[in-house]
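Participant: Listed here are the chains, written in short residue letters.
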Amino acid sequence: MNDREKEAPVKLELSGLRKSFGGKRKPLPVIGGVSLQVRKGEFVSLIGPSGSGKSTLFHLIGGLLKPDSGEIRLDGRVINGERGHIGYMPQQPALFPWRTIEDNVVLDREVNGAPRRESLEEARRWMERAGLAGFEKAYPHTLSGGMQQRAAFVRSLLSPHELMCLDEPFSALDAFTRSEMQAWLLDIWEETRRSVLFVTHHIEEALLLSDTIYVLSGRPSEAMRRIEVPFPRPRREEITETPEFLSLRRELTNLMKEEQRKSTGMPSARQN
Amino acid sequence: MTRSTLNQWFRSAWPPFVAVLLFLTAWEAAVRFFGIEAWILPSPSVIAQEASSSASSLWMHTLSTLQLTLIGFAIGSTFGLLVACALHLVPLLKSALYPLLILSQNVPTIALAPLLMIWFGFGLLPKIIVITLVCFFPVAVSTMDGFAQTDRTMLNYMRMIGAKRTQIFRKLEFPHALPSMFSGLRIAATYSVMGAVIAEWIGAQKGIGYYMILQKSAFRTDRIFAAIIIIVVLSLLLFLLVTLIERLVVRGGRRGASSEGGESR
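Protein chains in written order, with this note's numbering: chain A, -4 to 267; chain B, 8 to 272.
Simulated from the structure, these hints should not be mistaken for lab results. Incorrect hints may appear among the rest.
Beyond 12 Å from chain B on every Cβ pair, some chain A residues (computed) [stated by the list, open to error]:
#1 Ser15
#2 Arg20
#3 His80
What follows is a set of in silico ranges between Cβ atoms, one per label pair, in the way DEER data are often shown [to be verified]:
#4 B:Ile252 with A:Ala133: 20 to 28 Å
#5 B:Leu110 with A:Lys257: 48 to 56 Å
#6 A:Arg244 with B:Leu108: 56 to 64 Å
#7 A:Glu185 with B:Ile109: 52 to 60 Å
#8 A:Arg120 with B:Tyr105: 46 to 54 Å
#9 B:Val256 with A:Ala133: 12 to 20 Å
#10 B:Tyr105 with A:Lys257: 54 to 62 Å
#11 A:Arg124 with B:Val27: 55 to 63 Å
#12 A:His197 with B:Leu248: 51 to 59 Å
#13 B:Leu108 with A:Gly11: 28 to 36 Å
The beta carbon of each residue, even a glycine, is placed where N, CA and C say it ideally should be.
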């Protein structure tokens, strides 16, 4: 991370966030005090064992759920339980099958009341960068999984909200497509420098893409470790072979293994 | 493309076509061979002859029935659609009325027809009410099913980006429910023809149902058969009309089946 970014204002701040499910009699704590920061123009990843409440955390940020305690601040303002402040990319592309690709891509802007012509212009520009030129009028079911995922990413990129929340966006793709998508995302992101909160359980992916990584513990999850990723930008995939990268990867892998071991034997994870 | 679909259509169409042809031949042969009297079972050729010689009167009755069917179908389906939307948008209304709606289907609508005649006379109104009652249910239930089956990831996405309730309904739930709405409309289309005919049985001065009652008392079995064929054709035409509209309205490779069939993966 360079100095410019260090001084960038805080975009999103979570402080002491807690959330339990299952009523008062037998509460099941899922988020047990998560605090983290995303600065403006920073790429932040969250990694953690499966069932560490990553999706729940996103639902809290998106305002679908209200935290039991703690604060979610966006640009310094508390937004607990408020919707419509973020761009979002879900695990499945969730493109609407009855909309053409370009109509899908502008959906977020449409919902937020942006003028259609402007949105379409912007959409065409980014679709070209996503290798989707010529597919503007195609329907999603005619596209490959990777292309659908790129369309979903462009949709979140076009969101009028600066902060993008990406929820394990590549987890449903095969390994090859996945690494292609990572390189592509890296490229696009370094060009746009949006504030990103990225959830993944893929350590290498997190190291390749992020400025900062938070490691979540098993349930009830806390942000137990913050790691600044030292590689300079613009990054290329080659950094994955440097000794520095490998040692960071080993460190993270050990951390994750330990957490995973601690959390097995617990009741099955609440996932959605 | 067109050619191959035509070929495909031809390949799937000829076996049932031949089967019908064989059936008709067997029917014709059996009637002739056993010398069955025409008032019990007329042969297909006799029916065809009779149909063509009384074509003008049949046509008049057909038009009358068609008109009644279309009016009833339009009103019943619209009503069903509105009820589905209302129940979906107001959960309390749904939990109060949905069970009653299901229960009400144990009342045979057709059996209500005589009652409706008593209340509303022999005009158009009671007949339209019968068809409306018959059409309403399949449309309402399948549309509500469509709403309820809205894709969870898409719904979640809409909520995450801050879509309002009306936006979620207009942009997601309604278009998502279209295929299952249309499968309800297809059922309603065939039901509506049946509803019209039965309404005409009970009290009318024209229409295919009225014509059937008239011919029954004259033991004109051949004419009754002609009427049945017309009913079948009417049902099919209405069914095709709904399918055609569906093709125009439902986009993105989802027509026909109401399920997603993994194509969004």
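Participant: When the structure is checked against the list of hints, which entries are broken? Sort them ascending.
Facilitator: As far as the earlier hints go, 3, 10 and 13 are violated by this structure, in ascending order.
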